[in-house]
Amino acid sequence: MLYLEDIRTFYGEIEALKGLTLEARKGEVTCVLGPNGAGKTTTMFTIAGILKPRTGTLFLEDENLTHVSAQSRVRKGIALVPENRLIFPQMTIAENLDTGALSRPLKDAGIQEDILKMYERFPRLHERKEQMAGTLSGGEQQMLAIARALMAKPKILLMDEPSLGLAPLIVKEIFNIIRQLNEEGVTILLVEQNAKMALTVADHVYLIEQGKVTFNGNPSEIHQDEVIRRAYLGSEVS
Amino acid sequence: MITDFVQNCIDGIMVGSGYSLLALGFTLVFGVLKRLNLSYGPSIMLGAYVGTWSFLNIADNIWLVLLTTICATVVIGIYVEQLCFRAVSKETTIASMVSSFAIWMQLEEIALHLLPERTYPFPAFFDSGLLEFGPFTARSEYLFMFVVMLLLLLILHAFIYRTRIGLAIRAYSDHPSASAYMGIDGSSVLFLAFIIVSIIGGIAGFLILSADSQITPFFGLWATFKGLIAMMLGGIGSLSGAVLGGLILGVIEANAFWYGDPVIRDISSFMLLFTMLIIRPGGIFGHKIEIHQKIASERV
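Chains Z and P are the protein sequences, given in the same order. Under the working numbering, the first residue of the first sequence carries the number 1, and numbering increases by one thereafter. Under the working numbering, the first residue of the second sequence carries the number 1, and numbering increases by one thereafter.
If we strip away everything but chain Z, and leave its shape as in the complex, we get (with noise of 0.2 angstroms):
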């Protein structure tokens, strides 16, 4: 679905992500874990197109996307649910979600009826959606991210830390919505701090560290590597 393979991007001559190669296989939740630092937004933002890298390949469905533009890659079905959610606050909810629906064509009939599908799935977002997206609470405007992400029908949702921020009891519905979405089908590449709940919906987990992949496997893997473990899971979990 989504192969990286020896990914170089820098920040001026700062090299963030030194020859990164992961894939996000189709169907599939692929978490992307790793400490602060370690580049994980980086790959987010590369893969989104918004940093250029120096080196390396990006496909999607063995489409070459590596000098794609930022706005041609929705349009491939790349969305993103940014970190820190990023929503217009001063839109409504409905404007938000047309906004999400901008890279498809504008005859596109299928838009309206998305936008009923995501108010089904959303009733929170529904019942204030005249409301300004700015007065919503921290959980509400991560549903209205997500919402909107998917509003661009992609391929591939890509979902920066979308814990972040977030009460324990939100964090579990925000992870709840996640794992509908791939039973749906959504192919999906979370990258998480809080690897806890992000093991709970993988499928496939990779550690980065220093902009490189240190470890690539199943959560179960995890489970078994005790140093990965201590240092991801903490020492409480067996």
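Worth flagging that the hints you see were computed from the coordinates, not collected in a lab. Hints may contain errors.
Under the rule of at most 25 angstroms between Cα atoms (straight-line distance), these lysine-lysine pairs were calculated in the BS3-like manner [claimed, not checked]: (1) Z/Lys18 / Z/Lys212; (2) Z/Lys153 / Z/Lys107; (3) Z/Lys129 / P/Lys288; (4) Z/Lys172 / Z/Lys76; (5) Z/Lys52 / Z/Lys155; (6) Z/Lys129 / P/Lys294.
Partial chain Z-side listing against chain P, Cβ under 7 angstroms, derived [claimed, not checked]: (7) Ala70; (8) Gln71; (9) Val74; (10) Gly77; (11) Pro89; (12) Gln90; (13) Met91; (14) Asp98; (15) Leu102; (16) Ser103; (17) Pro105; (18) Met132; (19) Phe215.
The structure displayed is predicted, hence computed values, not measured ones. All residues carry an ideal CB built from backbone N, CA and C; glycine is no exception.
Keeping the supplied structure of chain Z fixed, place chain P upon it in accordance with the hints.
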């Protein structure tokens, strides 16, 4: 006495519709860029100079003057956008404002080289006539400008709030980074905003100058003052505010002129601005916009 006052108000609204047209352009650029374009008035002036030049050197055709004024204003608008707002990065607000001031000086120089004499005739759109409504009168060219202004307000409002391009412009204005994640090309949004604003500016310049029948290089300064004051009165970032601000400014000036003298007229507009800045710094509708922004950003 009351008849005089009402007549002054009618005159003020008619003249003020020109100020409203100028303020629409200023407020739209500020709403999208969150930066002030000081070279907007001089851009309109130079565009109108090209229109006058075509009138003097190519053909005595009012439609040609209208077309060349609008096209030249658009070309100058693109030049300003490329040099002043695209080249100077988003973070350096002061630098782009200062560079727009430098372009102002440059555009005035170009106008003086294009047509070196102080004053030139600007053709009237149609023969001036006085329309009577009972005891009151209105000049036909100003009434036409008022109608065009209202039409432009409606079209602009529908464009910004009812179209996909308008949605993209508002999304970019609300959160430029987030709009990039939605596949919105910020550079195209800026480019388009400048073209729209320049078309409005071209129409404004043409209508105001064809009502006055003359053009001088000071028109750029005049347009900047009137447009900025009207925008500040109505409230920065509000289309309806820009229109209302222009009309109020026109009414105050007309009454100041009637009950005082021409000097009082200009002083009154500055006094009005200072009073508004003290009592209601955000302008008439700007206060509502400020509260809106504050509420929207509280939980983000």
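Checked hints:
1. Between the alpha carbons of lysine 18 of chain Z and lysine 212 of chain Z the distance comes to roughly 6 angstroms, so the proposed pair stays at or under 25 angstroms and holds.
2. Restraint check for lysine 153 of chain Z and lysine 107 of chain Z: satisfied, since their Cα atoms lie roughly 15 angstroms apart, inside the 25 angstroms limit.
3. Proposed proximity of lysine 129 of chain Z and lysine 288 of chain P is supported: the alpha carbons are some 21 angstroms apart, at most 25 angstroms.
4. The straight-line distance between the Cα atoms of lysine 172 of chain Z and lysine 76 of chain Z is roughly 31 angstroms, outside the 25 angstroms bound, and the hint therefore fails.
5. Restraint check: the Cα-Cα separation between lysine 52 of chain Z and lysine 155 of chain Z comes to about 21 angstroms, which is no more than 25 angstroms; the hinted pair holds.
6. With a CA separation close to 19 angstroms, the supplied pair lysine 129 of chain Z and lysine 294 of chain P stays within the 25 angstroms bound.
7. The beta carbon of alanine 70 of chain Z comes within 6 angstroms of a beta carbon in chain P, closer than 7 angstroms, and the hint placing it at the interface holds.
8. The beta carbon of glutamine 71 of chain Z is positioned within 7 angstroms of a beta carbon in chain P (closest approach about 5 angstroms), and the interface hint is therefore held.
9. Against a cut-off of 7 angstroms between C-beta atoms, the interface hint on valine 74 of chain Z holds, since the closest Cβ of chain P lies about 3 angstroms away.
10. Evaluation of the glycine 77 of chain Z hint against chain P yields a violated restraint, the C-beta minimum of about 11 angstroms exceeding 7 angstroms.
11. The criterion of a C-beta within 7 angstroms of any C-beta in chain P is met by proline 89 of chain Z, whose closest approach is roughly 4 angstroms, and the hint holds.
12. Hint status for glutamine 90 of chain Z relative to chain P: holds, with the closest Cβ pair at about 4 angstroms, below 7 angstroms.
13. The restraint placing methionine 91 of chain Z at the interface with chain P holds, with a minimum CB-CB distance near 6 angstroms, inside the 7 angstroms limit.
14. A least Cβ separation of about 6 angstroms between aspartate 98 of chain Z and chain P falls short of the 7 angstroms threshold, and the interface hint therefore holds.
15. The closest approach between the C-beta of leucine 102 of chain Z and any C-beta of chain P is roughly 6 angstroms, which is under the 7 angstroms cut-off, so the hint is satisfied.
16. Nearest Cβ of chain P to the Cβ of serine 103 of chain Z: about 4 angstroms, under the 7 angstroms cut. The hint holds.
17. For proline 105 of chain Z, the shortest C-beta to C-beta distance to chain P is roughly 10 angstroms, which exceeds 7 angstroms, and the interface hint is violated.
18. At a threshold of 7 angstroms, the smallest CB-CB gap from methionine 132 of chain Z to chain P is about 5 angstroms, leaving the interface hint in force.
19. Restraint check, phenylalanine 215 of chain Z versus chain P: the minimum CB separation of about 29 angstroms is more than 7 angstroms; hint violated.
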